[in-house]
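On the provided structure of chain A, position chain B as indicated by the hints.
Letter by letter, the chains look like this.
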Amino acid sequence: MADNKMSTRDLRAFFHKVEALHGVTLGFAGNRVTAIIGPSGCGKSTLVRCLNRMHEVVPGAACTGQVLLDGEDIYAPAIDPVQVRRRVGMVFQKPTPFPTMSIEDNVAAGLKLNGIAVSRAERDRMVEESLRRAALWDEVKDRLKRPGASLSGGQQQRLCVARALAVEPEVLLMDEPCSALDPISTARIEELLLELKENFTIIIVTHNMQQAARCSDFTAFLYAGDLIEFGETKQIFTTPARRETEDYITGRFG
Amino acid sequence: MPRVKTRGFGVRAVGDRIFNLTTLAMALVILALLAGLTAELFRHALPSIKAFGFGFLTSTDWDPTTDQYGALPFIYGTAVSSALALLIAVPLALGVALCLSEMAPAWLSRKIGFMVELLAAIPSVVYGLWGIFVAGPWLRDHLDPLLAKYLGFLPLFQGPQVSVSMLTASVILAIMVLPYISAVCTDVFRAVPRSQREAALALGATKWEMVRIAVLPYGVSGIIGAIILGLGRALGETIAVAMVIGNSPQISASLFMPSATLASVIANEFVEATSTLNLAALVELGLVLLVLGLGLNIAARLMVYGATQRRFQKPA
Chain A
1 MADNKMSTRD
11 LRAFFHKVEA
21 LHGVTLGFAG
31 NRVTAIIGPS
41 GCGKSTLVRC
51 LNRMHEVVPG
61 AACTGQVLLD
71 GEDIYAPAID
81 PVQVRRRVGM
91 VFQKPTPFPT
101 MSIEDNVAAG
111 LKLNGIAVSR
121 AERDRMVEES
131 LRRAALWDEV
141 KDRLKRPGAS
151 LSGGQQQRLC
161 VARALAVEPE
171 VLLMDEPCSA
181 LDPISTARIE
191 ELLLELKENF
201 TIIIVTHNMQ
211 QAARCSDFTA
221 FLYAGDLIEF
231 GETKQIFTTP
241 ARRETEDYIT
251 GRFG
Chain B
255 MPRVKTRGFG
265 VRAVGDRIFN
275 LTTLAMALVI
285 LALLAGLTAE
295 LFRHALPSIK
305 AFGFGFLTST
315 DWDPTTDQYG
325 ALPFIYGTAV
335 SSALALLIAV
345 PLALGVALCL
355 SEMAPAWLSR
365 KIGFMVELLA
375 AIPSVVYGLW
385 GIFVAGPWLR
395 DHLDPLLAKY
405 LGFLPLFQGP
415 QVSVSMLTAS
425 VILAIMVLPY
435 ISAVCTDVFR
445 AVPRSQREAA
455 LALGATKWEM
465 VRIAVLPYGV
475 SGIIGAIILG
485 LGRALGETIA
495 VAMVIGNSPQ
505 ISASLFMPSA
515 TLASVIANEF
525 VEATSTLNLA
535 ALVELGLVLL
545 VLGLGLNIAA
555 RLMVYGATQR
565 RFQKPA
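Line by line, the protein sequences give chains A and B. Going by this note's numbering, the residue at position 75 of the first sequence is 75; the numbering climbs one at a time, nothing skipped. Going by this note's numbering, the residue at position 132 of the second sequence is 386; the numbering climbs one at a time, nothing skipped.
Worth double-checking, as some hints may not be accurate.
[To be verified] Beta-carbon label-pair distances, calculated as ranges: (1) A/Gln83 - B/Val388: 43 to 51 Å; (2) B/Arg271 - A/Lys141: 51 to 59 Å; (3) A/Arg146 - B/Gly547: 45 to 53 Å; (4) B/Thr460 - A/Phe14: 51 to 59 Å; (5) B/Gly549 - A/Arg132: 28 to 36 Å; (6) A/Glu72 - B/Pro399: 50 to 58 Å; (7) A/Ala187 - B/Gly547: 55 to 63 Å; (8) B/Leu275 - A/Lys141: 17 to 25 Å; (9) B/Lys365 - A/Glu128: 25 to 33 Å.
[Claimed, not checked] Facing chain B, from chain A, some residues (calculated, C-beta under 10 Å): (10) Ala20; (11) Asn52; (12) Pro77; (13) Pro81; (14) Arg86; (15) Pro99; (16) Leu113; (17) Pro183; (18) Ile184.
[Stated by the list, open to error] Straight-line Cα separation of at most 16 Å, EDC-like style, residue types lysine to aspartate or glutamate; simulated pairs: (19) A/Lys141 - A/Glu129; (20) A/Lys94 - A/Asp182; (21) A/Lys94 - B/Glu452; (22) A/Lys197 - A/Glu168; (23) B/Lys461 - A/Asp80; (24) B/Lys461 - A/Glu56; (25) A/Lys112 - A/Asp124; (26) A/Lys112 - B/Glu463; (27) A/Lys197 - A/Glu170; (28) A/Lys112 - A/Glu168; (29) A/Lys145 - A/Glu170; (30) A/Lys141 - A/Asp124.
Honestly, the hints are just simulated from the structure, not real lab data. Small disclaimer: the values here were computed from a predicted structure and weren't measured. For glycine and all other residues, C-beta sits at the position ideal for the given N, C-alpha and C.
Next up, chain B with everything else stripped away, as it sits in the complex:
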């Protein structure tokens, strides 16, 4: 009888456990980093939290000379500039993505796709400079008068037209988030199964109708994901915005006027902050930005989850 060698069952299980523990540890490091970061922000913001309480979030007063700090103008500036940037960027990005995935021949699609992705490689300080010297003055001289002429009945488009403004910042932000949204959407559209497109075409759908009934509905959760990604970028973008928004801590209805965002005011005032309270207030702005970003991400994820549970079921 030949002897049959047995290896036993122990070896692989140990290897797997080491692997499991290692990956678990790596995942926990991320959580620990986030928790540590939040705790540290909280600790440094404590003087300001004690001094102003929840009033910090609702006060519009931001005055280092009298040590009075309120975050509302910056929350407003962040929300409006990000929303406006998405309003401009999302339709453009969807158009670019549809062109790349549905219309353009493969060789052209690759070239255009590459150039769009190059937009993401431009450093944000370069966008800022371009905004100051080119885009801002151009918008002031050409777009603002048009908006004031035809939409001037809205408070949004009234008042003096300044080149460093909410509008300029939003336009720059839109250009900066465009490549992220369009790249993700292009992948999402390309992932729509051929069978879905063909099912639409075989019904006698034109190309646009095929996009409308097969491609867009199938990709809806991916599109929302892409928009969240863009929103995350827009909320946190600092330097380019700080250079073109004008950094004025006030809420004005007109988009032609200077404003400030949470990120831009931190970048602008941090080095010059003198009093403890001023520094703490700036850190608290960072905390607000972090919570805002997390909250929006969670909300958006719930939205995707809701959309997919309610009406999106993958075919068997």
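So here's chain A without its partners, still in its complex pose:
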């Protein structure tokens, strides 16, 4: 576990008094794709939202335990959640482009935030680089001034990936990024993951087991707020150690 980019220790998450995660201890390897799978309501999204302190944004939500980023607890009292989110980016289930902004302004939205002052040229360079990384540049390079919402759903989601990448995070969290997309757009995002892991650590939540099998290096299976099994993806899908994991991946429940 020494080379883990991120890890959790006995992470418990709550909504008001209800415990949604019952003490999850898990490591996420650097420059790898880790998939989190499990049936609806098992706490997958809650887990990743704890990793960039987005969980606490919901009224009544809280968590205990530790989340380490490069060995440092992101829940330590002196840590500003805003700085955590700079280093740990996130892409949501549904594409969330800012509707009043153009494509390039959407990508640059994070660059205009406090503390980041970039020149016009630098900004243009980062917009292009982020769009290239998100495999969207060729499709939008001629219409950067058009509204972000004018793109198709799949393009919007890649726009959101580009927006998240533009602030140069170290870790990218993806919360079911393909669940609102058609198969072709989904394949596009999956290809993207393989390219992105060279530079980023990726944690993806999915309810699609084929997706986890196709594009992740490690897989964690969550059930009812407990981490049931964690291991290399190949091992989880071929020789799961736990009965529940086998039942889930063979489609017997969930």
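Leaving out everything else, chain B in the frame of chain A:
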């Protein structure tokens, strides 16, 4: 074979048609009322329209003793007092709305929201009295000297300081329109989807930055709508303004001086109007107010439409 009963297709269609016609009739009544009102105003204003023509709108002369009437001082007073009231009220209302929707915990937000809405329940004559006895003298003694001292190089803040003035009327108006604007804006901000806020926060936005990049742009058409609502209130507000503006039919650059608005002069002079022409001129002022209100509403709606067409597209 069991007999299958059929009901036919006629019954519902008739019900729907009755419903359609009833609602259509109700909608038409509104249109008819507006048309009738305008026509009636026009009819009663006719003597004045004949006597002064378009000069009525550009003349600054308002003198019942010589039967000379011009509306410009009142158009000016209405425009300036309303604009100034919005200038004061809009930033305040946006601040209140942001506090209620973004900052305050739910229990506090409900209490403050309720108290702000109470402001709208105070009768305008009470605002007028408060303006005469409290706000007007206070502004004259405390705010006016400050404005004259630091901004006195502007003609707006020169000359004698009077407690019944354009400034007092604008401040009272601002307080009166504040609850309308802030209530609508609070709803507008609350309607911004959680996903938009979270998208901003996940980029590493602070709370203010989240408001700036996600909440305000998303709510821009709603904010404009709220301002129109406030403007409508400010333009037509009568009693409170009539009590504190001083009712002087002249255009003076200084905000410290008395003025008059279309609505306030009608309220003040209507009972005392003696000559036919005087009465007709007052009615024509009402017509001008109606047209002004309609025109501003249409302009504002076009603005909202333009803003939404040009740059606002809802995410799929």
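Hint by hint, here is what the structure shows:
no. : hint                            : result
1   : A/Gln83 - B/Val388: 43 to 51 Å  : 49 Å, holds
2   : B/Arg271 - A/Lys141: 51 to 59 Å : 55 Å, holds
3   : A/Arg146 - B/Gly547: 45 to 53 Å : 38 Å, violated
4   : B/Thr460 - A/Phe14: 51 to 59 Å  : 25 Å, violated
5   : B/Gly549 - A/Arg132: 28 to 36 Å : 51 Å, violated
6   : A/Glu72 - B/Pro399: 50 to 58 Å  : 57 Å, holds
7   : A/Ala187 - B/Gly547: 55 to 63 Å : 57 Å, holds
8   : B/Leu275 - A/Lys141: 17 to 25 Å : 56 Å, violated
9   : B/Lys365 - A/Glu128: 25 to 33 Å : 50 Å, violated
10  : Ala20                           : 17 Å, violated
11  : Asn52                           : 7 Å, holds
12  : Pro77                           : 18 Å, violated
13  : Pro81                           : 8 Å, holds
14  : Arg86                           : 4 Å, holds
15  : Pro99                           : 5 Å, holds
16  : Leu113                          : 5 Å, holds
17  : Pro183                          : 18 Å, violated
18  : Ile184                          : 16 Å, violated
19  : A/Lys141 - A/Glu129             : 11 Å, holds
20  : A/Lys94 - A/Asp182              : 12 Å, holds
21  : A/Lys94 - B/Glu452              : 12 Å, holds
22  : A/Lys197 - A/Glu168             : 13 Å, holds
23  : B/Lys461 - A/Asp80              : 12 Å, holds
24  : B/Lys461 - A/Glu56              : 14 Å, holds
25  : A/Lys112 - A/Asp124             : 12 Å, holds
26  : A/Lys112 - B/Glu463             : 9 Å, holds
27  : A/Lys197 - A/Glu170             : 10 Å, holds
28  : A/Lys112 - A/Glu168             : 13 Å, holds
29  : A/Lys145 - A/Glu170             : 28 Å, violated
30  : A/Lys141 - A/Asp124             : 11 Å, holds
Of the numbered hints given earlier, the model fails hints 3, 4, 5, 8, 9, 10, 12, 17, 18, 29; all others are met.
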